[in-house]
Amino acid sequence: MIARTRTFETTALALFFFGVTTLTVWGFAMPDWLPPAASRHAEGVDGLIRYLLVTTGAIFVIGHAVLIYFILKFEGSEDSTAIQTNPKTERLWSILPVLTMALVSEVGVLFLGLPVWDEIYGEVSEDVLVVDVAARQFEWIVRYPGEDGEFGRTDPTQIDGQSNPTGIDNADPRGSDDIVERNILRLPVNRPVQLRLRSHDVLHSFSVAAFRVKQDIVPGMVGSTTFVPTQLGEFEMGCAELCGLAHYRMGGRVIVMSPDDYETWLSEQGGDA
Amino acid sequence: MSSAHAGLPFWRRYIFSTDHKVIGIQYILTAVFMALVAVGLSVLIRMQMTWPVRLWPIMEQLLPTAYEGGALKPEFYLTMVTMHGTIMVFFVISLALVSGVGNFIIPLQVGARDMAYPFLNMLSYWTIVPACLIMLASFFVEGGAAAGGWTSYPPLSALPGALPGSGLGQTLWILGMALFIVSFTMGSLNFATTILNLRTKGMSLMRMPLTVWTLLVSSVLGILAFPPLTAAAIMLLLDRHGGTSFFLPEGLVVGGNVLAYEGGTPLLFQHLFWFLGHPEVYVLVLPALGIAFDVVATFGRRPVFGYRTTVWALIVAAVLSMIVWGHHMFTSGMNPYLGEYFSIVTVLITLPFAVIGVNLIASLWRADLRLTTAMLFAIGIISAVGTGGLGGLWLGTAASDIYFHSSVFVVGHFHFMIGVVTSFGIFAAIYYWFPKTFGRHMNETLGKIHFWLTISSVFPAFIGMHYLGLGGALRRVYDPTYYEYVRPLQEMNVWITFLLFISIAGQLVFFVNLFRSLFWGTKADANPWEGATLEWTTPSPAPHLNWNEPPTVYGGPYQYRVNGVGGYVPQHTPPEEVECWVGPHEG
Amino acid sequence: MNRFDGTPDLIPVHVAVNSEPKISHRSSGLYPMFLLAVLATVMMLFAAFTAALIVRRTGSDWVPVQIPSVVWLNTVFIVTSSIFLECAKKAFSRGSGSQASLWLGYSIALGVLFLIGQLIAWSVLIDQGFLLSTNTHAAFFYMLSGVHGAHVLGGIGVLVWTLRRALVGAYGIDQYRGVAHAAIYWHCVGAVWIHLLVLLSIT
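Chains as they are written, first to last, in the working numbering: chain Z, 73 to 345; chain Y, 857 to 1443; chain U, 1319 to 1521.
If you are wondering where the hints come from, they were derived from the structure by calculation, not from laboratory data.
Backbone N, C-alpha and C fix where the C-beta goes; we use that ideal spot for every residue, glycine too.
Careful: at least some of the hints might be erroneous.
Said to hold, decoys possible - Some chain Y residues close to chain Z (C-beta under 8 Å, calculated; not the full set):
(1) I914
(2) A1210
(3) Y1323
(4) G1327
(5) Y1339
This is chain Z alone, in the form it adopts within the complex (with noise of 0.2 Å):
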């Protein structure tokens, strides 16, 4: 009752995980998808993604090429021969896979992956810029400390949409000099910056692609990322977790500037580097 295949099934297949495979892998290697590398840790995230796609393209590559071979060869073979499933090969073709796939993955995740975690959480190096960003909806208030280089308090009754978009407290001194702005983050080239991440309602996430930078606001959390831009431009800065009707547009700008720049626009404000 079974009908013997055409090998149009056969060549079809073949053909398809051919082109499959080949524009897949094309696909992920040959466009410059990735916004050129703007902050120090984006180096390392590029590289461990460069492995994942050798190793990972290797493997499928491979086991699509195995899949092909199988398919042509053993189609309508009518091999009627007996076939008994043999233990020890089976475990055998156990094992290599684990090893495979143990030395693939955990190279990546300890040894690319844990530098690039280590610079972004790891130990903050002493001459690092602290701003303060605030997440509301649906906008970025960023603040500088001013000349007394600190922040003031916040006090969420004491926000105001025009005129104190992120609350700081009219008690306190620190907080008369904070410089605020809005979907502006302005920074210097080439020195670690730190974001204190704070919301005001729902989560956020503050995310620049070009820095490979992405951290959720937790409400009720002061966040934290340290990353260093290392590219003079402009990059855009976006929400990255949906906050309500308009998370999708929800951006912003960062500034890199030279560091002579970058001080001459703090003392226009009234700030001091």
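Given chain Z's structure and the hints, the job is docking chains Y and U onto it.
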């Protein structure tokens, strides 16, 4: 045997039936209906993503509240994204693959006359029906259905003022999910008890078909993993309506008002949610792999390669799946050391999956391949689980996930795993067991057209999403062209939408085939595929209570060609009746 | 049947292919597996709530409330009801069905008293001004005792069904597995309560 059944009125035979086969079909029909809704939502989602600023006068006629002035309202976009995900994961894939196929096939494959608790089984189906209705009803309440993502993170999902869908719609979502969990738990209890205690004489655990093994593992996972989501749902409900602060901290400012909550943390919800969320995806994927093994064995005419190692791999994968949930939370703000732990353990899941993948491919070695439609889908599963699964490594490695989290890369990855792999599992199961269910064959030509239209569209579409993620495109965005750096990628969205329409055309072919075959398909006999497992010992269609006396099992489930010359030894053949001819063979 | 011509890695077909059936595993019936699975899922639910409590109590607003003293009485009720259930089992094992039914009845009655006592505890808290929204520790008390109470209610349902079966003589000297399993469920639910009470008291 079925005379007692025949004496029952129609509504007890086919509506409130306790027969596992009828219940299985009921689940699948319900899943099909919910799939129509979810696919409809996906069409609207893709339309918005592909042409973000276009106006749709016709949509304004059809859905005036959502398309005011011809443009889709952003909050409704979020509703669509949320409900598409929720319905697909729980009310389509889980319903069809686990509850539907599982119910139909488990007693037949273990040699039982029905499930352990047929009445409970009927209850679990009829609990799902109100759950579906509640989910659908939530579209029509004020503010619309839930819109905080299928993950429903608070505070967004807890504060009606933060998002229109977080009003009554979100409450209904929670109630619908609660009913789903009750139903699924009852089903899992039934599955596990049946598989462990109702196997026929001689059916040891290591003689069960792999479909049954994967369904057993899924059921145990469901039993252990769903409760934390129940707890989270109760606490979310209390935060929303009881004024509690389980997940809500102090100082929230919504609509200009400082809210009175204090001390809660949104991260608690995330941990509880993903404690279920991660095992859930294995609940869905593993049965597809089990079905693939069954189909590959039958249409490859050889035993599965590595049956025992596969069983161990399934168990290891399931155990690991319960301790890796934090890989959904690498950027969440949780302790970075915790994140590193989750990353190290998460990538170890590639180990058992590699074993499973190798065993699937190796089961084609020296096979005598018969490329029926079911087999085509099974081979598609092999490719898809590898393709999608390897992408998981990019996400499971914490340092690369910083870039990919919340991007369309994630969307591509999970659509491969819970879209392609699982739906291929459902299709393979249907093409394979349709004769057993309805006593007729599905049309193979239409089946192959369905297969080719589907695989040639879904593979490129979801691989394309990986590229978008590489480019840094974020998910859940109403207008993907807002950010300049991803604007050049927009053409990829056009291609993906075009491919979606091809895949929908493929599914139309499938439904035509299904309907035609139900009434006019060629009649099938008991064992049209020369299968060696127990379901093929009943007539086609399988009658109520399956057997007068279930057969005794004397051997493993995949003894194809073990006795040479194209023969095979069904599981229930006593040793003295086994015929064997062994000719010359390769070493 | 042809003889196998032998190569190292293949074994003679007539031995390897099919063999005598292994011993059936169904002697203990369906219930233990079902009971085990039910207990597993219930335990996971309270484990999740326990984790939530442990995490949440580090919140800035944590001000414990005093557990109403009636709760200690309720605990005595539920522990005693477990003891009575064991007495019922003993009576069944001796064949005294009517005596056993009596113990079952007392057990159920104590279970009902437990639930009433929990409701009284709730009203005490409400009178003291501790609503769900007022105090998080109190909110946990309401939530945990509520979810637990729902499981007690289910247990009472099972026990009532067991009592009905006992009254029609369904249980005998060696045939009271239904009671034994219901008892295991009941004891576990009681143990969960003690766990919750300790947890709520020390946080």
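Against the structure, the hints come out as follows:
The restraint placing I914 of chain Y at the interface with chain Z is violated, with a minimum CB-CB distance near 23 Å, outside the 8 Å limit. Hint status for A1210 of chain Y relative to chain Z: holds, with the closest Cβ pair at about 4 Å, below 8 Å. A least Cβ separation of about 6 Å between Y1323 of chain Y and chain Z falls short of the 8 Å threshold, and the interface hint therefore holds. Proximity of G1327 of chain Y to chain Z holds as hinted, the smallest CB-CB distance being about 5 Å (cut-off 8 Å).
Restraint check, Y1339 of chain Y versus chain Z: the minimum CB separation of about 5 Å is within 8 Å; hint holds.
The structure does not agree with numbered hint 1 stated previously, though it agrees with all others.
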